[in-house]
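Chains F and H, in that order, are what the protein sequence lines are.
Residue numbers for the first sequence follow the numbering used here, beginning at 1 and rising by one.
Residue numbers for the second sequence follow the numbering used here, beginning at 1 and rising by one.
Hints listed in this document are in silico derivations from the structure and should not be mistaken for laboratory results.
On a predicted model such as this, the values are computed, not experimentally measured, just so you know.
Hints should not be assumed to be uniformly reliable.
Stated by the list, open to error - Short derived list, chain H residues pointing at chain F, Cβ under 10 Å:
no., residue
1, N31
2, G40
3, I47
4, R62
5, A90
6, D92
7, I101
Even for Gly, the Cβ is constructed at its ideal location relative to N, Cα and C.
Below, each chain spelled out in residue letters.
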Amino acid sequence: DAGVIQSPRHEVTEMGQEVTLRCKPISGHNSLFWYRQTMMRGLELLIYFNNNVPIDDSGMPEDRFSAKMPNASFSTLKIQPSEPRDSAVYFCASSPGTVGYEQYFGPGTRLTVT
Amino acid sequence: SQQGEEDPQALSIQEGENATMNCSYKTSINNLQWYRQNSGRGLVHLILIRSNEREKHSGRLRVTLDTSKKSSSLLITASRAADTASYFCATDGGTGGFKTIFGAGTRLFVKA
Numbered sequence: 001d002a003g004v005i006q007s008p009r010h011e012v013t014e015m016g017q018e019v020t021l022r023c024k025p026i027s028g029h030n031s032l033f034w035y036r037q038t039m040m041r042g043l044e045l046l047i048y049f050n051n052n053v054p055i056d057d058s059g060m061p062e063d064r065f066s067a068k069m070p071n072a073s074f075s076t077l078k079i080q081p082s083e084p085r086d087s088a089v090y091f092c093a094s095s096p097g098t099v100g101y102e103q104y105f106g107p108g109t110r111l112t113v114t
Numbered sequence: 001s002q003q004g005e006e007d008p009q010a011l012s013i014q015e016g017e018n019a020t021m022n023c024s025y026k027t028s029i030n031n032l033q034w035y036r037q038n039s040g041r042g043l044v045h046l047i048l049i050r051s052n053e054r055e056k057h058s059g060r061l062r063v064t065l066d067t068s069k070k071s072s073s074l075l076i077t078a079s080r081a082a083d084t085a086s087y088f089c090a091t092d093g094g095t096g097g098f099k100t101i102f103g104a105g106t107r108l109f110v111k112a
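Here chain F stands alone, though its shape is the one from the complex (with noise of 0.2 Å):
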């Protein structure tokens, strides 16, 4: 298999401007996570999906962030307008359920908002 796949791996937008990553999770696993890294706020949980059903957004920093799960295979994370403090690395990890069992992680993408 070949992991979670992220895309872009790196993204660097203006102010202002539509951002949208994607996410193709394990093939068979149930769950999928969106998360996001920085050195000031460590690894923060967004958003998790259960059977392509989000189940707990409240991590979403603002209405600003959105997250689909359109079929098992894919998911993305939206942000629209960006700001500079929304640069950082999201993770997407999935798994084959929510709790107690071990997530897998994708690359990351950089985000970087001039």
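Given the coordinates of chain F, work out where chain H should sit on it, guided by the hints.
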């Protein structure tokens, strides 16, 4: 908010020495996991210990869990330069709900 707090924040040792990292958490849990992150990479799962377990081993890794003290430790024996990475504990279940919450991590540097 972070549930787990790793200690120390950074650790530098010589190759061949043992490295011990600690994690403390605030609420009851069902499971505690340890992950490793190499620079510029995603996290990699190392080991999971359930709340009814006290110790687990995996290769050169030994994890202990003390639920009465709400703490866990990760021991890496006979460290290698390749062990240089950040190590995170993550908790889920219990009063924290179904979320997996990661600590701030310990940065380990193993000198060759």
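Which numbered hints turn out to be false for this structure?
-> Number 4 - this is the single hint that the structure violates.
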